[in-house]
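Colleague: Turn these sequences into a full structure, and let the hints steer you where they fit.
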Amino acid sequence: MRNQSMQFKARAHSALADVRLQSVLKRFGSGFADKRAAAREAYGADAFEALRDASAAIRDRGLANLDAWLLRFEQEATRRGATVLWAKDTAEIRCHVLEICARHGVKKAIKSKSMVSEEAGLNEALEANGVTPVETDLGEYIIQLAKEAPSHIIAPAIHKDKEQVSDLFAEHHHRPRLTDTEALTREAREMLRGHFLSADLGISGGNFLVAETGSVAIVTNEGNGRMVTTLPKVHVAITGIEKVIPTLEDLSTLNRVLPRSATGQEIENYFTIVTGARREGDLDGPEHMYVILVDAGRTRLVGSDMQEMLRCIRCGACMNHCPVFQTVGGHAYGWVYPGPMGSVLTPVYEGIENALDLPQAATLCGACEVACPVKIPLPELLRKLRERQMQAGLRPWRERAGFRIWAFAAKRPRLYALATRVAVRVLKLMGGAKGRISRLPLGSGWTLGRDMPAPEGRSFRELYAARRAGSGK
Amino acid sequence: MHSGRRVGLFVTCLVDMMRPRIGFAALKLLEGAGFEVVVPATQTCCGQPGWNSGERTSARALAEKLIGEFEDCDYLVAPSGSCSGMIKTHYPALFAGEGAWLARVEALAAKSWELTDFLLNVARLELPPGRFSGTITYHDSCAGLRELGIKQQPRRLLAKMPGVTLTEMKDSEICCGFGGTFSIKFGEISAAMAETKCENIAASGAGTVVLGDLGCMLNIEGRLRRRGDETTRVLHVAELLAGESD
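Residue numbers (the working numbering), protein chains in the order written: chain R, 1 to 473; chain L, 474 to 719.
Treat the hints as calculated values from the structure; they're not laboratory data. All the given hints hold, so there is nothing to weed out.
In silico SDA-like links for lysine to any residue, alpha-carbon gap of 20 Å or less:
| # | chain 1 | residue 1 | chain 2 | residue 2 |
| --- | --- | --- | --- | --- |
| 1 | R | Lys411 | L | Glu542 |
| 2 | L | Lys501 | R | Ala469 |
| 3 | R | Lys9 | L | Gly660 |
| 4 | L | Lys658 | R | Ala17 |
| 5 | R | Lys384 | L | Lys658 |
| 6 | L | Lys658 | R | Leu448 |
| 7 | R | Lys384 | L | Pro565 |
| 8 | R | Lys9 | L | Ile657 |
| 9 | L | Lys658 | R | Met6 |
| 10 | L | Lys658 | R | Gly402 |
| 11 | L | Lys633 | L | Gly507 |
| 12 | L | Lys658 | R | Trp406 |
| 13 | R | Lys107 | R | Glu124 |
| 14 | R | Lys411 | L | Gly541 |
| 15 | L | Lys643 | R | Val24 |
| 16 | R | Lys88 | R | Glu99 |
| 17 | R | Lys434 | L | Gly701 |
| 18 | R | Lys108 | R | Glu124 |
| 19 | R | Lys9 | L | Lys658 |
| 20 | L | Lys658 | R | Asn354 |
| 21 | L | Lys658 | R | Gln7 |
| 22 | L | Lys658 | R | Arg11 |
| 23 | R | Lys26 | R | Thr263 |
| 24 | R | Lys160 | R | Glu182 |
| 25 | L | Lys643 | R | Asp34 |
| 26 | R | Lys108 | R | His96 |
| 27 | R | Lys411 | L | Pro513 |
| 28 | R | Lys411 | L | Val512 |
| 29 | R | Lys147 | R | Glu127 |
| 30 | L | Lys624 | R | Ala37 |
| 31 | L | Lys658 | R | Arg398 |
| 32 | L | Lys624 | R | Glu41 |
| 33 | R | Lys428 | L | Leu487 |
| 34 | L | Lys501 | R | Gly470 |
| 35 | R | Lys26 | L | Arg700 |
| 36 | R | Lys233 | R | His104 |
| 37 | R | Lys375 | L | Gly622 |
| 38 | R | Lys428 | R | Pro441 |
| 39 | R | Lys411 | L | Thr530 |
| 40 | R | Lys428 | R | Arg439 |
Predicted model only: the values in this text are computed from it and were never measured.
Modeller: As structure tokens, this is what we get:
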């Protein structure tokens, strides 16, 4: 997918000016966050915190010996009849999938949700090579019709309201326009049924890879994942190498924390564990199963001071709790992954110089870290990326100079006292009778949307010194 | 628990410049609670702006300076969750792996307190000297809330004031959009977040919003006035508790 995160500010500006989007974002608001809070409460707050600790530990255990677990996964999956392919970058993902399509004469591919396939721009590649991709997750289906990218990793069409979906369906389904949510869903279901039955290839992601059994675990709410992985004669699961976990026992722990953190569900409607292709005597399942294990930037994090990011299980809790995401929506971020996790992943995968705004576009409020089911210290990682930007000379000279001047003065108390003495008087004057400044020469970012309350006119240190002198202390 | 009664008041750079009366309110509360309060005259900034912006060198220099200024006190108290959070939770990261420095940092972090936390849990303040009559709503500042667990401390102190009625706003724990340099770099987003906060404040029906950090204070007050709200008061919890709000 083309990275447009360098246009974050402009995209955020458009998002803020989009009345319809703003209304959708306001309505969505803290919906998922409230559901997560209720699920945590129902589970028991202390028990849930223990579950987060255990989940983080499981992820760390997998990552500590990532190479060994991946080889174990390959061995077990191969033993059970799957073919394991490795992709060092997104170009290799496209190559592998197109080769599979050619080998099996694929004309139509049905897909369940896969963010890694978004990284690879897989749908465009398939179309360009004569294969029709059909997204079968309802949200993904909607945005495929709209020719848009997901705006949220688990709720890809969250930026659209029902009216927009009605219009899209009427336009593409050539049927009378429906307005009832259930009727709309039923119509999408009818449309997809034919695709499910006629597709030659099923493409899925993978929420977890279980090393000890060579299984791919997939969670969905619509059952489309199960159809995609069982109906067509070929199934390809595409997922990042970091998704490997050692055991089924680990899977059971992580599958308690994932749905609760994502949508507040105790368990998702469908939980599928796919282990190899169809065997003798199996009633269903694909004749061929492939697993594509993707690096595409992930190994850069292994062993680095940002390895914690690889714990991510793609639940979306960080964006559900992020006030910046809630204000501008996911498309502003400009690449596959939005919100706090995306603001870390985009610069790491796409190059720090190609996503300069994202690590800065956070108030470091910490809401994401508290919600993260695997305790990724997201604010800390964003701060580290800011440090890398600074070290690489990627910040504007005015910003760097500003810090140097500030630090130079703040290290010299007498100079600092003098400078602030002047500053507070000037600002007080600028504030006038109303005591507030509506336009700051060097702070237009601030005064664009709010006033700056003027200072009292004398600094604490002046007043305190005067008081001490007065009382003879 | 320390046995000494000598508190070093870290006024914070924003209080020093923008709202000195909050510094005096903190002073009054601490002295009123029977502590000897020293205000190191050379203090400036804790280094957080540099730290949060990836400018480690300046953050480090200012942290060293602050440690030298306050380490001989029994306590360091600041009327800010953000600056206290910097000292308590981020200084150790700033000096990670440096044995000698780290020992000093950890000693200082252990005796550093956010003002309301200190007043409630160390000073055991029973009767705040302030007099106030009215309905307030409380905005939880992010760093205080999530780095230091400041949530009930200000509320319990305010509950000791007979004239104060607290009505909680919707989403009091959600960031107001300040975020330090974020407020300048992404002014438009920051102001939109502040607007959401102001809507929640207005909907609470309270005439006064109380909080514990200057950044949030300037942001919220600035947005309230810009949106035409001339009456809702924005007060630091210290002002209210000390009765220095006029």
